[in-house]
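Asker: Next come the chains, spelled out residue by residue.
Protein chains: 2
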Amino acid sequence: MNFLEERILKDGVVKSCNVLKVDSFLNHQVDIALMEEIGREFKRRFEDTPVTKVMTIEASGIGIAVFVAKELGVPLVFAKKSKSINIDGDVFVAEVESFTHRNKNQVVVSKSFLHAGEHVLIIDDFMANGCAMQGLISIVESAGATVEGCGIVIEKGFQIGGRVIRNMGYRVESLAIIDAMDADTGSITFRKQA
Amino acid sequence: MNFLEERILKDGVVKSCNVLKVDSFLNHQVDIALMEEIGREFKRRFEDTPVTKVMTIEASGIGIAVFVAKELGVPLVFAKKSKSINIDGDVFVAEVESFTHRNKNQVVVSKSFLHAGEHVLIIDDFMANGCAMQGLISIVESAGATVEGCGIVIEKGFQIGGRVIRNMGYRVESLAIIDAMDADTGSITFRKQA
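These protein sequence lines are chains A and B, in that order. Numbering-wise, the first sequence is residues 23 to 216 according to our numbering. Numbering-wise, the second sequence is residues 23 to 216 according to our numbering.
Keep in mind the hints are simulated off the structure, nothing from the lab. Among the hints, erroneous ones may be present.
Identical chains blur together in the list; that is why a pair holds if it fits in one copy or across any two.
Okay, derived cross-link-like pairs now, DMTMM-like style, lysine to aspartate or glutamate, Cα gap no bigger than 20 Å in a straight line [as the list claims (entries may be wrong)]:
| id | residue 1 | residue 2 |
| --- | --- | --- |
| 1 | Lys126 | Glu80 |
| 2 | Lys103 | Asp33 |
| 3 | Lys214 | Glu63 |
| 4 | Lys37 | Glu195 |
| 5 | Lys37 | Asp112 |
| 6 | Lys133 | Glu59 |
| 7 | Lys103 | Asp204 |
| 8 | Lys103 | Glu80 |
| 9 | Lys126 | Asp206 |
| 10 | Lys133 | Asp33 |
| 11 | Lys37 | Glu80 |
| 12 | Lys103 | Glu119 |
| 13 | Lys126 | Glu28 |
| 14 | Lys65 | Asp33 |
| 15 | Lys103 | Glu58 |
| 16 | Lys103 | Glu140 |
| 17 | Lys103 | Glu195 |
| 18 | Lys133 | Asp53 |
| 19 | Lys43 | Glu80 |
| 20 | Lys65 | Asp53 |
| 21 | Lys214 | Asp70 |
| 22 | Lys43 | Asp204 |
| 23 | Lys32 | Glu59 |
| 24 | Lys32 | Asp201 |
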């Protein structure tokens with residue numbers, strides 16, 4: 023078991039067969055030392071790739087992605103949900119459905135901050151159905167940039183996202199892959215990874 | 023002029039008399055080294071206070087607040103806009119109007135992560151009319167915790183927020199206070215601070 027799986031078992035709460043609360047350390051209250059360790063781990067996994075930019079999507083990906091960007095020594099760009107009056111019309115757009123919030127958002131990245139020839143590592147806290155990741159990938163591809171990989175903190179292995187993104191040919195590194203959860207017992211089954 | 027004012031003059035773009043774009047380094051693309059410097063500066067300004075927790079509001083505050091929390095060695099809690107199905111009913115709530123997005127949001131913090139007796143430093147990227155800050159302050163006060171101060175990266179000094187919050191008796195430290203902007207010339211007038 024790695025440091026993240028240990029932390030999930032210690033502080034995660036299984037709310038139902040498909041809802042895991044990790045808001046005491048990951049996506050509401052944030053344990054900074056854990057974020058730094060996650061940053062170092064993604065650096066270790068992706069330092070063989072020529073990453074020039076880390077990308078994530080607001081909001082809960084940001085606190086993780088900044089530490090990955092720090093470790094790799096590159097800027098972060100976070101995609102924004104819904105159009106702000108402060109974003110120019112010149113943006114890449116994708117439509118993303120949120121599993122957690124059960125709604126659709128337009129996700130935008132300014133063309134000023136993503137260019138052809140860039141090498142992008144996409145980071146997010148969760149992957150379930152993979153819609154957010156597909157949206158971010160389509161934005162990177164639209165820019166003529168290269169997706170070097172997708173770094174996920176917690177992948178819900180019992181949902182389709184991981185399989186879809188890997189089948190598209192992208193490298194996905196998930197620090198923890200959950201194959202099953204049981205709300206009655208609180209048990210969590212992690213997929214064994216090499 | 024401090025490091026932030028210099029950076030605003032170098033890379034900020036005045037879009038109108040009250041809209042400043044800093045999305046190349048602060049709230050869309052993020053310059054990690056600058057975030058670290060901001061973290062160190064807020065530590066310097068607030069290290070005389072017994073801060074036990076840093077609080078911000080999603081989304082663009084997060085990438086700044088994590089580095090303040092890191093410097094101070096305390097956890098971060100970020101308030102969430104709109105109710106997620108993953109947040110329990112047991113939350114502190116405030117209603118906040120967004121100047122940028124021209125809408126109202128319910129802002130929530132779980133009662134699990136904010137307790138009586140805590141000492142909270144509130145961090146945000148911008149302060150304009152101060153609505154977000156007032157919402158966060160009311161959440162901290164509801165919890166019976168103490169607001170040790172408000173750390174703002176860019177305060178729009180020509181809007182009412184800074185005066186309102188200071189008049190309420192809270193300590194506000196803004197790394198840059200803009201008293202005027204001119205879209206025709208692109209000029210920015212910073213308030214002189216001690």
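Asker: Mind listing which of the numbered hints don't hold for this structure, in increasing order?
Answerer: 2, 4, 6, 7, 9, 11, 13, 14, 15, 16, 17, 21
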